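The lines below spell out each chain.
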Amino acid sequence: MPDIFGIPPQALFGQLLLGLINGAFYALLSLGLAVIFGLLNIINFTHGAQYMMGAFVAWMLLNWLGVGYWWALLIVPVTVGLTGILIERTMLHRLYKLDHLYGLLLTFGIALIIQGVFRNQFGSSGLPYGIPAQLRGGTDLGFMFMPNYRGWVVVVSLVVCLATWFVIEKTKLGSYLRAATENPALVQSFGINVPRMITLTYGFGVGLAAFTGVLAAPIYQVSPLMGADLIIIVFAVVVIGGMGSIMGSILTGFGLGIIEGLTKVFYPEASSTVIFVIMVIVLLIKPAGLFGRAR
Amino acid sequence: MSGEPAQASNETGMPRHQRLILGALVAALIVLPYILYPVFLMKVLCFALFACAFNLLIGYVGLLSFGHALFFGWAAYVSAHSAKVWGWPPEFAILGGAATAFVLGIAVGALAIRRQGIYFAMITLALAQMAFFFALQAPFTGGEDGIQAVPRRPLFGFIDISNDTTFYYVVLTVFLAGFALIYRIVHSPFGQVLKAIRENEPRTISLGYRVNHYKLLAFVLSASLAGLAGSTKVFVTQLASLTDVQWQMSGEVVLMTLVGGLGTMFGPVVGAFFVITMQTYLATMGEWVLVIQGVIFVIVVLSFRRGIVGEIAAWWKSRNGA
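Protein sequence lines, in the order shown, are assigned to chains A and B.
Counting from 1, position 251 in the first sequence corresponds to residue 250 in numbering that gives the first Met the number 0; the numbering is continuous, with no gaps.
Counting from 1, position 252 in the second sequence corresponds to residue 251 in numbering that gives the first Met the number 0; the numbering is continuous, with no gaps.
Any given hint might turn out to be false.
[To be verified] A few chain A residues that face chain B, going by a derived Cβ cut-off under 7 Å, partial list only:
no. : residue
1   : His99
2   : Leu100
3   : Tyr101
4   : Leu105
5   : Gly108
6   : Ile112
7   : Gly115
8   : Met196
9   : Ile231
10  : Thr272
11  : Phe275
12  : Pro286
[Said to hold, decoys possible] Derived pair list, reagent style BS3-like, types lysine-lysine, alpha-carbon separation capped at 27 Å:
no. : chain 1 : residue 1 : chain 2 : residue 2
13  : B       : Lys194    : A       : Lys96
14  : B       : Lys194    : B       : Lys316
15  : B       : Lys83     : B       : Lys42
16  : A       : Lys96     : B       : Lys316
[What the hints assert, rightly or not] Looking from chain B toward chain A, a few residues come up when the C-beta cut is under 8 Å (computed):
no. : residue
17  : Leu110
18  : Tyr118
19  : Ala125
20  : Leu126
21  : Thr242
22  : Trp246
23  : Leu257
24  : Glu286
25  : Leu301
26  : Arg305
27  : Ile307
Hints are computed from structural coordinates only; laboratory data are not their basis.
Every value quoted in this text rests on a predicted model; they were computed, and no experiment measured them.
Even glycine gets a Cβ: it sits at the ideal position worked out from N, Cα and C.
If we strip away everything but chain A, and leave its shape as in the complex, we get:
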């Protein structure tokens, strides 16, 4: 097969696929951030640490209890989500009447604690997590060789993103959620238990981050700082997309992942900064973000 712009197609499509996977992670994480921010008015700085916890709990399940990947996909979001609910009930709920900034500072502190504890326990070097037997190997697509696990991650992320979008935008439960985002007092006066909804929403957002962590475990090494740098990139993604629209978060996440992947092929030096550069450009042209409402 001929080269495309002087790049062998296998390298190009391989990086595109990896970009798509990173984009899926950006989409899943920024989706969780947006849902939490909508209802709690808190930017969850702990999100990166909770993504890391997801990967670690999966690792612990496998190495300590012999519980494999498929069960981990189910168990991990629930357990890590429960720790999120504990955090919300004991700490976050005291901050709702205060300035947003305190929520950011509190969750930053919690992230430091979680990351520090894991670093003391497991060191900073990564731990390997094997690909489940059913998804080993790859498929020849004609134009490229695709590792099965990577294809699976893209598909399952898309499904989860779209399911979240469907629940929030198209179901009755979602309409309560959207209404409570606009005016919690009014929704509460209709007899809906808003505080419980807030707690469960936080648990759901955290569970989504943990789920992403399980998906990431076989691709990246499981390490205590895997979420620390990622969360800053996701913040940039959120600034670019704006947090007003669920579909906006999904599209921005995937789009930026692909752009980052292409940058790795054509100008690798800029691959770690390209998303920040795009953020600068968006701030100059459309300060409210691509899908954001000015407020």
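Fit chain B to the supplied structure of chain A, relying on the hints for placement.
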């Protein structure tokens, strides 16, 4: 967000109790190098200036910058490089570092003030991370090693700053000058407008103030002073490294200011002393220092939001008011 009119009376003269505290503080700072290790004290002073600069934004304009390590760290790199490689004398190296922070402050500030509140914090954090990656890749920063063994040449050609005690008084002068400038800014008519923006931005706009000009100027001042702190620190530790530009450093300056008391004059100084002392004495505990910092964050935000100085001031007020 209170609707009360701002008290503008007698803001120019320093209140008597503040004058007393400042006098005691300066006296203590002059004597301290004979009691405590001067290098430790110089570090405290540099970080105190850094925290005061940060506090100018969060405490008086209500803007949370989560990327102040950018100005501190890049000023440190420029200062270290110009002193070591180009052989600049320390006074020019320090000013060069601060000037770098000034320019970066204009660029970052102009971008960040385009969004409010929580987005402002995320934008500054993201831009600082971008600057961190530049520092990681640029050849002159020395990558993981940083710029080591920065020489302490004589200041102005005749002050021998290789002597720690002598250099301590130089750093003290820099700190006091910076502190005085911040005091002047906060208590000027300009500072009154900043506080108005903090309390109620839409109202300040409707009063006819160009809020963005005020925010940008405050941001640039804060960035420049953070740069002054960073470039002075280079001559204290004789090192500029990735630690100075990392997000952890941005978090540390937030912690210092928060512990000492947001929006208080002396709070950041107390907070810097507290955090640097903790790091120095707990250095053997390695990673646990981060955990302890996290715990302090949580405790302060949940039940101690006024910080050390803020709590004391509130106690003093209630005692005298009752």
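To see whether the hints hold, each was checked on the structure:
1. His99: Constraint on A:His99 satisfied, holds at 5 Å.
2. Leu100: Hint holds; A:Leu100 Cβ to chain B Cβ min 5 Å, cut 7 Å.
3. Tyr101: A:Tyr101 check passes; min Cβ-Cβ to chain B is 5 Å, inside 7 Å.
4. Leu105: holds (4 Å)
5. Gly108: holds (3 Å)
6. Ile112: A:Ile112 check passes; min Cβ-Cβ to chain B is 4 Å, inside 7 Å.
7. Gly115: holds (4 Å)
8. Met196: violated (21 Å)
9. Ile231: Holds, because the Cβ-Cβ distance from A:Ile231 to chain B comes to roughly 5 Å (cut-off 7 Å).
10. Thr272: holds (5 Å)
11. Phe275: Holds, because the Cβ-Cβ distance from A:Phe275 to chain B comes to roughly 4 Å (cut-off 7 Å).
12. Pro286: Because about 4 Å separates A:Pro286 from the closest Cβ in chain B, which is inside the 7 Å limit, the hint holds.
13. B:Lys194 with A:Lys96: holds (21 Å)
14. B:Lys194 with B:Lys316: Status holds; Cα separation ~21 Å.
15. B:Lys83 with B:Lys42: holds (20 Å)
16. A:Lys96 with B:Lys316: holds (25 Å)
17. Leu110: Because about 5 Å separates B:Leu110 from the closest Cβ in chain A, which is inside the 8 Å limit, the hint holds.
18. Tyr118: Hint holds; B:Tyr118 Cβ to chain A Cβ min 6 Å, cut 8 Å.
19. Ala125: holds (4 Å)
20. Leu126: At about 7 Å, which falls below the 8 Å cut-off, the nearest Cβ of chain A leaves the hint on B:Leu126 intact, so it holds.
21. Thr242: violated (15 Å)
22. Trp246: Because about 7 Å separates B:Trp246 from the closest Cβ in chain A, which is inside the 8 Å limit, the hint holds.
23. Leu257: holds (7 Å)
24. Glu286: For B:Glu286, the interface hint holds, since the closest Cβ of chain A sits about 5 Å away, which is under 8 Å.
25. Leu301: holds (6 Å)
26. Arg305: violated (12 Å)
27. Ile307: With Cβ-Cβ at 16 Å, over 8 Å, it is violated.
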